[in-house]
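**Student:** All chains, full assembly: derive it from the sequences and hints.
So for the sequence shown, this note's numbering puts the first residue at 165; every next one is plus one.
Think of the hints as simulated: they come from the structure by calculation, not from any bench. All figures in this text were calculated on a predicted structure; none of them were measured in a lab. The reader is advised that the hints may include incorrect statements.
In silico BS3-like pairs for lysine-lysine, Cα to Cα no more than 25 Å straight-line [as the list claims (entries may be wrong)]:
| hint | residue 1 | residue 2 |
| --- | --- | --- |
| 1 | Lys326 | Lys360 |
| 2 | Lys311 | Lys360 |
| 3 | Lys655 | Lys606 |
Between beta-carbon pairs, the in silico distance windows are [what the hints assert, rightly or not]:
| hint | residue 1 | residue 2 | range |
| --- | --- | --- | --- |
| 4 | Thr350 | Arg172 | 46 to 54 Å |
| 5 | Val289 | Lys360 | 51 to 59 Å |
| 6 | Gln367 | Lys486 | 24 to 32 Å |
| 7 | Ser657 | Val551 | 36 to 44 Å |
| 8 | Ala301 | Thr533 | 17 to 25 Å |
| 9 | Val289 | Gly532 | 18 to 26 Å |
| 10 | Leu429 | Ile310 | 51 to 59 Å |
| 11 | Lys485 | Gly532 | 30 to 38 Å |
| 12 | Asn198 | Asp278 | 28 to 36 Å |
| 13 | His519 | Glu258 | 46 to 54 Å |
Don't be surprised by glycine CBs; every beta carbon is placed ideally from N, CA and C.
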Amino acid sequence: MPTKFFDRLSNDLTQLLEDPIDYNVSIEVGEAPNNQIFKIHSYVLQSRCPYFKKKFNETPFNDDHVKVLTMSDISVKALNIIIKYIYGGIISLEKLENSFIFDLLITSSELELDELVEHLQTFLVNNNAPWLRLNFARVYQTSYQIKNFKIIQDFCNDIIAKHPNTIFESDKFHTLPEDALISIITRDDLQLDESKVWEYVIQWGKSKNPTLPTNLTEWTSDNFITLKKTLKQCLPHVRYFSFSHEDVLDKIFPYQHILDPKLFLDINTKLMAPDRTISSTILPPRKILTKTLPTRNTRFLLSSHIVTDEHALEISSWIDKKEIPYTDSNPYKFELIVKGSRDGFDIKTIYEICHKVSNTVIILKVEGTGEILGGYNPLEWNKVNSVWKVTQDSFIFSLKTVNQKYSILSRVKNFKFGIGYFPCYSSWFSFGNSLILRDNLKTSKECYCRDNLSNSSYEKPIRSAEFLSSIHNPPSSDKSTFNVEEYEIFKVSKRK
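**Tutor:** The structure is reproduced here in structure tokens:
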């Protein structure tokens with residue numbers, strides 16, 4: 165067996181990149197003054213990257229015997245990582261943001277770096293699955309727009325199989341590519357009754373033909389032919405022989421003209437004479453789990469347009485003071501009781517609706533920054549008296565988003581000033597002096613977070629330093645004050 169000295173080879177080639185002797189390619193990336201020029205060797209890139217091999221063949225040498233390329237659709241940071249990978253076969257992802265890694269994956273695919281594409285997908289699925297779920301719509305759509313995303317496609321399809329509402333009840337369903345829909349409905353473990361699969365397939369087909377009459381009684385034979393052509397590749401994957409008698413009558417019969425006549429006859433034959441032999445292929449019934457799975461569609465689980473079920477699991481873990489967070493079954497039910505766009509943004513409204521309600525979580529989406537801030541109040545709300553209340557269990561937080569890699573949890577440390585009710589004093593509510601909500605959350609721009617003073621009621625700030633106030637009651641013109649784009653308050657209770 166030959167001895168392989170890959171480490172030394174990698175190191176030597178990396179040194180060649182850092183000291184580009186006899187380079188013959190110049191790649192300019194970015195715009196001045198932040199642009200950067202990479203001096204590289206065509207033989208290295210051509211042997212490692214099919215994209216550059218084609219590009220170099222199309223690009224002539226200039227008078228200095230250098231091929232000059234300009235790449236405007238890639239960042240300096242991304243190309244720097246990719247060039248180092250091409251030369252040395254080394255890449256480190258641990259300190260990179262998930263959104264950047266996903267963009268790097270897209271770029272790697274465009275550069276036809278199949279080995280790197282596979283590695284980045286595996287890294288995201290194995291190490292950053294919560295981020296993929298949080299950004300599911302974008303991730304899933306991208307996985308079918310760009311080739312070689314099989315690992316992420318399978319990851320997404322596994323989620324959809326267990327939680328079909330994630331895609332079938334989303335506003336992105338009608339834009340689903342045909343091959344994506346087929347990859348879902350071919351799965352044996354898709355947790356949907358077959359009649360629902362049929363309904364969604366019909367719904368998808370109609371969406372591709374918006375001129376079809378709304379009322380089925382008005383359809384002509386040409387209308388059925390149009391729908392049949394649209395669904396030609398999908399129809400063979402429906403498990404027709406798993407339908408109940410009622411569903412055949414109610415759901416298949418109205419659309420019988422899009423099926424092959426022999427198949428429709430066989431469907432009816434099996435219903436009336438189950439033991440009779442037929443020529444149509446009988447697909448096996450789907451493997452429906454006996455245990456009911458919670459939907460992944462967060463709007464059904466939480467009735468929320470701000471937080472996801474992963475966020476809810478994280479908050480529930482904090483409530484129970486778990487060191488290891490919940491990852492699947494949530495022991496708490498989140499009941500939406502107040503919502504800004506529905507009930508109004510005035511603090512007085514919150515006091516009126518939440519009076520005497522305990523164990524509540526308030527979620528705030530900050531206008532302009534996309535931050536998701538909030539807090540857990542275990543005590544009953546009080547709309548009558550202005551008072552500080554003692555608690556050892558309250559906490560405030562900022563949740564991970566596309567722009568924030570990790571959530572921040574800050575527990576109460578000065579129990580005497582855990583929760584502040586002040587309905588009669590400028591209508592404000594506070595988690596100590598760390599998160600203060602005042603007046604109209606949407607328009608007054610008087611909400612703010614204090615910095616971590618020695619007398620702070622909570623362990624640490626939940627916003628970055630640039631957005632913290634060093635004084636009490638800063639003016640609305642201050643950078644630390646903010647308006648709320650939307651807020652939601654949930655009553656949290658143990659599931660039975």
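**Student:** Run every hint past the structure and note whether it holds.
**Tutor:** Hint check:
1. Lys326 - Lys360: Given that 25 Å is the threshold and the Cα spacing comes to 15 Å, the pair holds.
2. Lys311 - Lys360: This hinted pair is violated, its Cα atoms lying about 30 Å apart.
3. Lys655 - Lys606: With Cα atoms ~22 Å apart, Lys655 and Lys606 stay inside 25 Å; holds.
4. Thr350 - Arg172: 46 to 54 Å: holds (48 Å)
5. Val289 - Lys360: 51 to 59 Å: Given a distance of about 28 Å, which is not inside 51 to 59 Å, the answer is violated.
6. Gln367 - Lys486: 24 to 32 Å: violated (41 Å)
7. Ser657 - Val551: 36 to 44 Å: violated (25 Å)
8. Ala301 - Thr533: 17 to 25 Å: holds (21 Å)
9. Val289 - Gly532: 18 to 26 Å: Violated, since Val289 and Gly532 (Cβ atoms, about 33 Å apart) do not stay within the stated range.
10. Leu429 - Ile310: 51 to 59 Å: violated (43 Å)
11. Lys485 - Gly532: 30 to 38 Å: Holds, at about 33 Å.
12. Asn198 - Asp278: 28 to 36 Å: The hint (28 to 36 Å, Cβ to Cβ) holds, given that Asn198 and Asp278 are roughly 30 Å apart.
13. His519 - Glu258: 46 to 54 Å: Holds: the Cβ-Cβ distance is about 48 Å, inside 46 to 54 Å.
In the structure shown, a violation is registered for the earlier hints numbered 2, 5, 6, 7, 9 and 10, in ascending order.
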